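There are 2 protein chains.
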Amino acid sequence: MTTEDTSAADATREGMKTVGFSFELQTQVGNARAGILHTPRGDILTPAFMPVGTLGSVKSLAPTDLRAEPIDAKIILGNTYHLYLRPGLDVIEDHGGLHEFMKWERPILTDSGGFQVFSLAQDNRIDDDGVTFQSHIDGSKHRLTPEVSMHIQSVLGSDIAMVFDQCPPAESAPRDHDVAMRRTTAWAKRCAQVERPAGQALFGIVQGGLDVERRLAHLAELVAIGFDGYAIGGLSVGEPPPEMYRVLGGVAHKLPPANPRYLMGVGTPADLYEGVVSGIDMFDCVMPTRNARGGTLFTSEGKVQMRNAKFRRDTGPLDPQCTCYTCTTFSRSYLRHLLKAKELLFSRLATIHNLSYYAQHMRGMRQAILEGREPRPLP
Amino acid sequence: MTTEDTSAADATREGMKTVGFSFELQTQVGNARAGILHTPRGDILTPAFMPVGTLGSVKSLAPTDLRAEPIDAKIILGNTYHLYLRPGLDVIEDHGGLHEFMKWERPILTDSGGFQVFSLAQDNRIDDDGVTFQSHIDGSKHRLTPEVSMHIQSVLGSDIAMVFDQCPPAESAPRDHDVAMRRTTAWAKRCAQVERPAGQALFGIVQGGLDVERRLAHLAELVAIGFDGYAIGGLSVGEPPPEMYRVLGGVAHKLPPANPRYLMGVGTPADLYEGVVSGIDMFDCVMPTRNARGGTLFTSEGKVQMRNAKFRRDTGPLDPQCTCYTCTTFSRSYLRHLLKAKELLFSRLATIHNLSYYAQHMRGMRQAILEGREPRPLP
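Those protein sequence lines, which keep their order, are chains A and B. Numbered per the working numbering, the first sequence finishes at 484, counting up by one with no gaps. Numbered per the working numbering, the second sequence finishes at 484, counting up by one with no gaps.
Honestly, the hints are just simulated from the structure, not real lab data. Heads up, a few of these hints could be off.
Copies of the same chain look alike in the list, so a pair counts if it works inside one copy or between any two.
Said to hold, decoys possible - Dumping the calculated DSSO-like pairs for lysine-lysine here, alpha-carbon to alpha-carbon at most 27 Å:
| # | residue 1 | residue 2 |
| --- | --- | --- |
| 1 | Lys-122 | Lys-359 |
| 2 | Lys-246 | Lys-445 |
| 3 | Lys-294 | Lys-359 |
| 4 | Lys-246 | Lys-447 |
| 5 | Lys-408 | Lys-445 |
| 6 | Lys-246 | Lys-122 |
| 7 | Lys-415 | Lys-447 |
| 8 | Lys-246 | Lys-415 |
| 9 | Lys-294 | Lys-246 |
| 10 | Lys-445 | Lys-208 |
| 11 | Lys-208 | Lys-408 |
| 12 | Lys-208 | Lys-415 |
| 13 | Lys-415 | Lys-445 |
| 14 | Lys-122 | Lys-294 |
Quick caveat: nothing in here was measured; it's all calculated off a predicted structure.
With the hints as constraints, model all of the structure from the sequences given.
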């Protein structure tokens, strides 16, 4: 192999390989990056937060809500495990994919189902080939392998697919992390070998628990395979935040700079800040949407629980600094009333606000980076 | 009293008396009427269906949903009993009224609380002065009288208030109906004597069960007092539809022609048709909104239950003839999936459709009347 051959091989591993995708790094401040992830279905300005649409809807919102300012989501997430069980692949296939099913024409990222199989499914049995599990809905038996996960994601027609990985609990023994890493690498290789539909990129997932050295070793294995983007999995699974931040600080900026970097399932507004300054470009988490439905809302003055009696006669806006429909229209008193009276409208208004808060947070950090400033944390 | 005096007295009883309100009868076909109810907060094209906003929201919808075509609700209903208990009058007063509380700037009609006190409250004790009852939420003791009901409605600041009435079950003995009528007349008189805020009209309520003669006798008592509009209460409370239609046919067209006529708490699309051809101008009912949340949707091909397995892979629109957001955007298959998966979005999409169906039905009947045609029933 000549030097030229080697650099050619290297070149194929640099940046995004799938046709129609490219990652444009605009500016960097420290490790924090502002960029544009170009996809066939549109550009994603990074750092970006991806609202989670578990079952074919971002809970309580319609596509029009997600496209409206200030949420203006450029990409959302769909869950392979959930959609495979309900409504089932035949139904999604009838619609020509998840985009048409849920009427969302912008990019969608699908997870591989791995995380849910281990966290939700009953009686899961893992072997080197895949996982056999029972549905958490009706106990029916199913099997997921790297190939099956890729097949499901191809039917869903997501713009970004994730490799099927094993995510062990953070407190697992080093030996268990090694087994998970070995499996995740083998499965990642198998996922990469599956032919994908046109316009679908594939991201690898770095495992390795809370040990930075183990993480970097795993990263090297994934980079050797070559993916369109690299994700950090297995964080925010019970460890204290400082532990997560330590791992992020040691790993995120080592992910290939020419590719988008995605921190899976994280987190609080403070976590997003730590992720961004560590070099992460993309995030997803159910926190803003799930918290919203329970009445916990993020504001520029900190987190509030709308049930609190102090809001009973508070005619002011939820967050005076927020430009979302909820904050520019209704009073805290009205929102508390809707929550207490279990009115369905509350979930929608609260979700609109929390996702707007997250979007504005990400946009603020992006703007700072573009202007050469350090991003700032939000409450 | 001279003849002139008499006609002057008659004139004060003709049409709507409250400043800012007038009813314009545009056309009549048989007993069916097309008109415009002019109010300080805007015109209401009749016949009109009023969506019910029990607790300060039309369940699952925001004001923007209600204003959007084809719902484009010109007036909605609020429930005095519910809003008095939750959030409580002090909260509504802080906002300067229900319009500002729920951010609905178009007209609102409030019921008097009578119906809910008898149907929802526990341990209600009625006497000639009013009703003592226990809250269905926390068992706390409260008392409603005509004066209290009018006070609550003045704080709510509704555009149309209703007199406090007693609504006995349809199957009550004639003697009980006579007692209820006597009380409702006495209470109506007391309500009419209470000073109302500027821009609030007051409607009387005709009781009398299923006996047309008794209804007409009661109507005469109310007309003698003189109201801005006249409602028919105590129908659709368990009697067979043909019985209701018989009473409607005998009573509705006898309501003063220069005033709006309102059939309370009714009903199915077929009921709306029967009401309109009998001479009714305004309707309200929880049926379209409540049915929607349960998955029962009204379509041009008849009522459907979205849980039905036949919709599982049906990629067609819910109702091809409907122009609402739900029908022009999503498939039956997607709607069924949302319902089965208990996704909150279902309630909103289903409610948007059912209210659109009702609005389109009313608009169709209005158009027919304006063109001199008989209105036609819908499934």
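Hint check:
1. Taking the closest pair of Cα atoms, Lys-122 and Lys-359 come within 27 Å of each other only inside a single copy of the chain (19 Å); across copies the shortest separation is 78 Å, beyond that limit.
2. In the homo-oligomer, the alpha carbons of Lys-246 and Lys-445 lie at most 27 Å apart only across protomers (20 Å), although the nearest pairing inside one protomer, at 40 Å, exceeds that limit.
3. Taking identical chains as interchangeable, the C-alpha atoms of Lys-294 and Lys-359 lie at most 27 Å apart only when both belong to the same chain, with a minimum of 21 Å there against 81 Å between chains.
4. Taking the closest pair of Cα atoms, Lys-246 and Lys-447 come within 27 Å of each other only across two copies (23 Å); inside a single copy the shortest separation is 36 Å, beyond that limit.
5. In the homo-oligomer, the alpha carbons of Lys-408 and Lys-445 lie at most 27 Å apart inside one protomer (18 Å), although the nearest pairing across protomers, at 33 Å, exceeds that limit.
6. For a Cα distance limit of 27 Å, the shortest separation of Lys-246 from Lys-122 qualifies neither inside one copy, at 36 Å, nor across copies, at 71 Å.
7. For the identical chains of this complex, Lys-415 and Lys-447 are intra-copy neighbours only, at 18 Å inside a copy versus 32 Å across copies, given an alpha-carbon limit of 27 Å.
8. In this homomeric assembly, Lys-246 and Lys-415 come within 27 Å of each other (Cα to Cα) only across copies, at 25 Å, whereas the closest approach inside a single copy is 49 Å.
9. In this assembly of identical chains, the alpha carbons of Lys-294 and Lys-246 lie at most 27 Å apart only when taken from the same copy (26 Å versus 70 Å across copies).
10. Proximity of Lys-445 and Lys-208 under a CA criterion of 27 Å is satisfied inter-copy only: 18 Å between copies versus 32 Å inside one chain copy.
11. Taking the shortest Cα distances, Lys-208 and Lys-408 sit within 27 Å of each other only across copies (25 Å), while inside one copy they are farther apart (32 Å).
12. When the C-alpha separation of Lys-208 and Lys-415 is checked against a cutoff of 27 Å, the pair qualifies only between copies, where the shortest distance is 21 Å, while the shortest distance within a copy is 40 Å.
13. With identical chains, the CA atoms of Lys-415 and Lys-445 are at most 27 Å apart within one copy only, with a shortest distance of 13 Å there and 37 Å across copies.
14. Taking identical chains as interchangeable, the C-alpha atoms of Lys-122 and Lys-294 lie at most 27 Å apart only when both belong to the same chain, with a minimum of 15 Å there against 81 Å between chains.
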